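Build the full structure now, drawing on both the sequences and the hints.
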Amino acid sequence: DGGITQSPKYLFRKEGQNVTLSCEQNLNHDAMYWYRQDPGQGLRLIYYSQIVNDFQKGDIAEGYSVSREKKESFPLTVTSAQKNPTAFYLCATLDPGFGTYEQYFGPGTRLTVT
Amino acid sequence: GQQVMQIPQYQHVQEGEDFTTYCNSSTTLSNIQWYKQRPGGHPVFLIQLVKSGEVKKQKRLTFQFGEAKKNSSLHITATQTTDVGTYFCAGTGGSARQLTFGSGTQLTVLP
Numbered sequence: 001d002g003g004i005t006q007s008p009k010y011l012f013r014k015e016g017q018n019v020t021l022s023c024e025q026n027l028n029h030d031a032m033y034w035y036r037q038d039p040g041q042g043l044r045l046i047y048y049s050q051i052v053n054d055f056q057k058g059d060i061a062e063g064y065s066v067s068r069e070k071k072e073s074f075p076l077t078v079t080s081a082q083k084n085p086t087a088f089y090l091c092a093t094l095d096p097g098f099g100t101y102e103q104y105f106g107p108g109t110r111l112t113v114t
Numbered sequence: 115g116q117q118v119m120q121i122p123q124y125q126h127v128q129e130g131e132d133f134t135t136y137c138n139s140s141t142t143l144s145n146i147q148w149y150k151q152r153p154g155g156h157p158v159f160l161i162q163l164v165k166s167g168e169v170k171k172q173k174r175l176t177f178q179f180g181e182a183k184k185n186s187s188l189h190i191t192a193t194q195t196t197d198v199g200t201y202f203c204a205g206t207g208g209s210a211r212q213l214t215f216g217s218g219t220q221l222t223v224l225p
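Heads up: the protein sequence lines correspond to chains A and B, in order.
Under our numbering, the first residue of the first sequence carries the number 1, and numbering increases by one thereafter.
Under our numbering, the first residue of the second sequence carries the number 115, and numbering increases by one thereafter.
Please note that the accuracy of each hint is not assured.
[Said to hold, decoys possible] Covered stretches of chain A, as calculated for chain B (at least 3 residues, CB under 8 Å):
no. : stretch
1   : 36-47
2   : 99-110
[Said to hold, decoys possible] Distance windows between CB atoms, simulated:
no. : chain 1 : residue 1 : chain 2 : residue 2 : range
3   : B       : G167      : A       : I60       : 27 to 35 Å
4   : B       : G154      : A       : K14       : 38 to 46 Å
5   : B       : Q128      : A       : Q17       : 41 to 49 Å
6   : A       : D54       : B       : V169      : 35 to 43 Å
7   : A       : K83       : B       : Q123      : 34 to 42 Å
8   : B       : V158      : A       : N26       : 16 to 24 Å
9   : A       : E69       : B       : T222      : 37 to 45 Å
10  : B       : S166      : A       : Q17       : 47 to 55 Å
11  : B       : Q194      : A       : K14       : 42 to 50 Å
No lab work stands behind these hints: they were computed from the structure.
On a predicted model such as this, the values are computed, not experimentally measured, just so you know.
C-beta atoms are modelled at their ideal positions from N, C-alpha and C, and glycine is treated no differently.
So this is what it looks like as structure tokens:
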């Protein structure tokens, strides 16, 4: 079954703790993305990676960190420095085939920090 | 940086009525994409527009890209309850691999 897996679906943490969100894909796509979605708002780019061992900051990278050690995996760590971490986090990959730069999204992780 | 604005934020329609959402960019776009997110779900790609003035149709959905490549619209004819969800536009500027999303229009269809 091909696609993007994000786990867990719901995650609860206490303030001050770091938490790592998982994103795994078997689509063989090179580019991967992390977005944050808040209620009534669009998706904001946190980090993206075009290739293994390389990644770039998006618009709201402060308080987050990522790694890209394998093509299939792009975990996101929400650190205690992120002031408002409660949000819906979406991982995506990019298929540049045939000139249509379609992004495929995982099911997302809803993070609640109290 | 690039900003993409989308209106309206919410739209309630009776089933069978038409619906339109509009997207405006602060800069000229290379292309624009549209995504649909069902309640509780994740965004799903609908279409990409590339050419100035381009119009594409998918059954009851009509997508337009403005002549200046700074605005776009999605029009749904005769809405159905299955159209419920949030519709996002997303534009690319210099890099086709990085999208800037609009804030979305949440569509409610009343039976």
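Okay, the hints, checked on the actual structure:
1. 36-47: Held - the stretch 36-47 of chain A has 6 residues with a Cβ nearer than 8 Å to chain B, which meets the minimum of three.
2. 99-110: holds (count 10)
3. B:G167 with A:I60: 27 to 35 Å: holds (34 Å)
4. B:G154 with A:K14: 38 to 46 Å: violated (25 Å)
5. B:Q128 with A:Q17: 41 to 49 Å: holds (47 Å)
6. A:D54 with B:V169: 35 to 43 Å: holds (38 Å)
7. A:K83 with B:Q123: 34 to 42 Å: Given a distance of about 24 Å, which is not inside 34 to 42 Å, the answer is violated.
8. B:V158 with A:N26: 16 to 24 Å: holds (18 Å)
9. A:E69 with B:T222: 37 to 45 Å: holds (43 Å)
10. B:S166 with A:Q17: 47 to 55 Å: Check passed, 50 Å falls within 47 to 55 Å.
11. B:Q194 with A:K14: 42 to 50 Å: holds (44 Å)
Consistency with the previously given hints fails for numbers 4 and 7, ordered from lowest to highest.
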